[in-house]
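All chains should be modelled from the sequences, with the hints used to inform the complete structure.
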Amino acid sequence: MKSLTHRDAWRLMEKSRLDAVETARLDDHLRTCSECTSYARTDRFLRLNLAVAPVRSQPTPGMHKAVLLQAHRGRNQSGMARLAGSLAFLVLLAVIGAVALYAFRVTSPGASEPLAQQLASPLQTMVAIIAPPVVATPEPSPTPRSIPESPAGRIIIDVPAPSLASSIIGESTMQPVAVILPPSYATSDRRYPVAYLFVSGNQTPDRTDEDDLVEIIAAKLTSQGSMQEMIVVVPAVRTVLDTEVVMANSPVTGNWEDYVVEDLVPFIDQNFRTLPQAAAQVWPAGRRLAG
Amino acid sequence: MERAEELLRKGRYSQEQLATALMDAHFATIHHIAYSILRSIEEADDVAQETFIVALRSIGRYRPGTSLRAWLSSIAVNQCRDRLRRRQARQRWHQAWHRLHLGQPPEPSPEVHAVRGEANAELWHAVEQLGEKHSVPIVLRYVHDMKAAEIAEILGVSEGTVYSRLHYACRKLERRLSAGTLETGLSGVEP
Numbered sequence: 358m359k360s361l362t363h364r365d366a367w368r369l370m371e372k373s374r375l376d377a378v379e380t381a382r383l384d385d386h387l388r389t390c391s392e393c394t395s396y397a398r399t400d401r402f403l404r405l406n407l408a409v410a411p412v413r414s415q416p417t418p419g420m421h422k423a424v425l426l427q428a429h430r431g432r433n434q435s436g437m438a439r440l441a442g443s444l445a446f447l448v449l450l451a452v453i454g455a456v457a458l459y460a461f462r463v464t465s466p467g468a469s470e471p472l473a474q475q476l477a478s479p480l481q482t483m484v485a486i487i488a489p490p491v492v493a494t495p496e497p498s499p500t501p502r503s504i505p506e507s508p509a510g511r512i513i514i515d516v517p518a519p520s521l522a523s524s525i526i527g528e529s530t531m532q533p534v535a536v537i538l539p540p541s542y543a544t545s546d547r548r549y550p551v552a553y554l555f556v557s558g559n560q561t562p563d564r565t566d567e568d569d570l571v572e573i574i575a576a577k578l579t580s581q582g583s584m585q586e587m588i589v590v591v592p593a594v595r596t597v598l599d600t601e602v603v604m605a606n607s608p609v610t611g612n613w614e615d616y617v618v619e620d621l622v623p624f625i626d627q628n629f630r631t632l633p634q635a636a637a638q639v640w641p642a643g644r645r646l647a648g
Numbered sequence: 088m089e090r091a092e093e094l095l096r097k098g099r100y101s102q103e104q105l106a107t108a109l110m111d112a113h114f115a116t117i118h119h120i121a122y123s124i125l126r127s128i129e130e131a132d133d134v135a136q137e138t139f140i141v142a143l144r145s146i147g148r149y150r151p152g153t154s155l156r157a158w159l160s161s162i163a164v165n166q167c168r169d170r171l172r173r174r175q176a177r178q179r180w181h182q183a184w185h186r187l188h189l190g191q192p193p194e195p196s197p198e199v200h201a202v203r204g205e206a207n208a209e210l211w212h213a214v215e216q217l218g219e220k221h222s223v224p225i226v227l228r229y230v231h232d233m234k235a236a237e238i239a240e241i242l243g244v245s246e247g248t249v250y251s252r253l254h255y256a257c258r259k260l261e262r263r264l265s266a267g268t269l270e271t272g273l274s275g276v277e278p
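Chains as they are written, first to last, in the numbering used here: chain A, 358 to 648; chain B, 88 to 278.
Please keep in mind that the hints were generated in silico from the structure rather than gathered at the bench.
Glycine included, every Cβ here is placed at the ideal spot set by N, Cα and C.
Take the hints with a grain of salt, since some may be wrong.
Stated by the list, open to error - Taking lysine-lysine and the BS3-like style, the derived pairs with C-alpha atoms no more than 27 Å apart in a straight line are:
no., chain 1, residue 1, chain 2, residue 2
1, A, K372, B, K259
2, B, K234, B, K220
3, B, K97, A, K372
4, B, K97, A, K422
5, A, K372, B, K220
6, B, K220, B, K259
7, B, K234, B, K259
What the hints assert, rightly or not - Far from chain B, some chain A residues (derived; all Cβ distances over 12 Å):
no., residue
8, P416
9, I453
10, R548
11, Y553
Below, the structure is given as structure tokens:
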């Protein structure tokens with residue numbers, strides 16, 4: 358005879374009457390299972406002792422009346438509630454529409470422009486309403502850091518970034534960039550390959566552990582002859598909101614891809630002795646900067 | 088007077104007819120369930136009344152052919168569980184307030200039962216202490232003699248869950264009740 362599981366035993370205990378076979382099986386199980394024996398004891402105790410006598414067999418006339426009244430009222434109320442809900446939704450939609458239209462008119466450059474023109478970039482306008490442009494805090498030094506007459510070692514310069522001018526968050530149009538020049542740069546007329554290094558993280562480009570490290574590694578590798586001399590460029594990768602830049606064009610955070618391709622690289626090529634583009638550029642990317 | 092099931096099967100009835108039929112057939116059961124869970128006549132009256140109001144408003148959700156008693160019981164039990172949860176929250180706040188202002192917890196609940204003149208005060212106190220998740224299946228099982236399958240339908244859980252809750256509650260009750268209470272309760276009964 359197959360032995361009972363706990364669950365089978367509990368099912369048998371539930372029954373009000375057991376036949377001889379069931380009784381024998383349950384007794385066998387209880388003889389060997391202390392857990393079910395204990396459960397059976399408590400089960401029996403509760404059956405005998407946990408009792409509550411009913412206190413009301415019929416609803417009072419007041420209750421009967423209240424049930425009918427509430428049921429009727431509820432039915433009417435639920436219909437009214439649905440109607441009121443629909444009306445409230447329509448009113449809400451109308452208010453949102455009116456506010457949006459007003460906002461379009463207020464934020465558009467000129468009220469005389471046709472409406473179609475005013476609605477030309479609704480996404481930008483909506484973003485501007487939800488997250489107003491951040492007013493850029495004035496720079497402590499209004500004059501951008503320019504390239505020294507005899508550049509050497511590691512220098513910080515400000516690169517004009519007109520590509521970022523249209524960003525909704527008000528990104529700066531002068532971007533700080535660290536340029537690490539090779540040891541022979543000041544004493545020769547050679548042209549050098551350029552490595553653009555986008556270092557992700559929370560650091561600013563002015564001074565970071567990472568670009569210190571870059572400088573040290575570049576000097577070490579060059580002195581060992583393992584790496585040919587090159588210019589290392591470390592651009593800023595933080596937005597004005599102190600978030601990490603995504604190297605892509607965005608109306609909100611700015612056209613960072615255009616900045617690199619159209620502003621930064623031409624600027625470096627014009628102001629430093631670099632080898633012609635494409636033949637001598639490497640673009641090591643930092644973590645999480647892929648656009 | 089036609090039975091509520093027949094009225095629902097035919098689909099032609101007034102609210103009053105249906106309310107009367109439902110209350111005639113099931114009021115006593117629903118009130119007894121509410122009273123046994125909440126242990127308060129006033130609250131049981133409220134729950135019973137509210138159960139029939141909810142049932143009449145949402146009669147469209149009742150699936151013909153299933154047990155009307157189980158459907159009404161599940162509405163009532165859900166309301167009781169809501170009230171128990173609110174009551175437990177109130178008790179916790181009350182205890183915290185007492186500790187904060189008087190530096191001691193409020194009087195223990197068994198004495199309240201004793202004042203109310205209830206038998207088995209220790210047992211009921213132990214059941215209340217289980218929390219609604221375990222006390223409700225215990226009450227439905229032992230006061231109303233419901234099978235696990237019926238409790239599962241009312242609580243909207245599986246039969247296995249009901250068995251495990253009952254088992255857990257029984258073990259906890261056994262630990263909480265004094266050996267003397269258990270022995271006295273079982274005395275004179277054949278195992």
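Now for the hints, and whether the structure bears them out:
1. K372/A - K259/B: holds, 23 Å
2. K234/B - K220/B: The given pair, whose Cα atoms are some 17 Å apart, holds under the 27 Å limit.
3. K97/B - K372/A: Violated: K97/B and K372/A sit about 36 Å apart, past 27 Å.
4. K97/B - K422/A: holds, 25 Å
5. K372/A - K220/B: holds, 24 Å
6. K220/B - K259/B: Holds, at about 13 Å.
7. K234/B - K259/B: holds, 20 Å
8. P416: violated, 5 Å
9. I453: At about 33 Å from chain B, I453/A clears the 12 Å cut-off, so the statement holds.
10. R548: Given a closest Cβ separation of 77 Å, the condition holds.
11. Y553: Y553/A is indeed farther than 12 Å from all Cβ atoms of chain B, at 61 Å.
Checked against the numbered hints above, the structure violates hints 3, 8; every other hint is satisfied.
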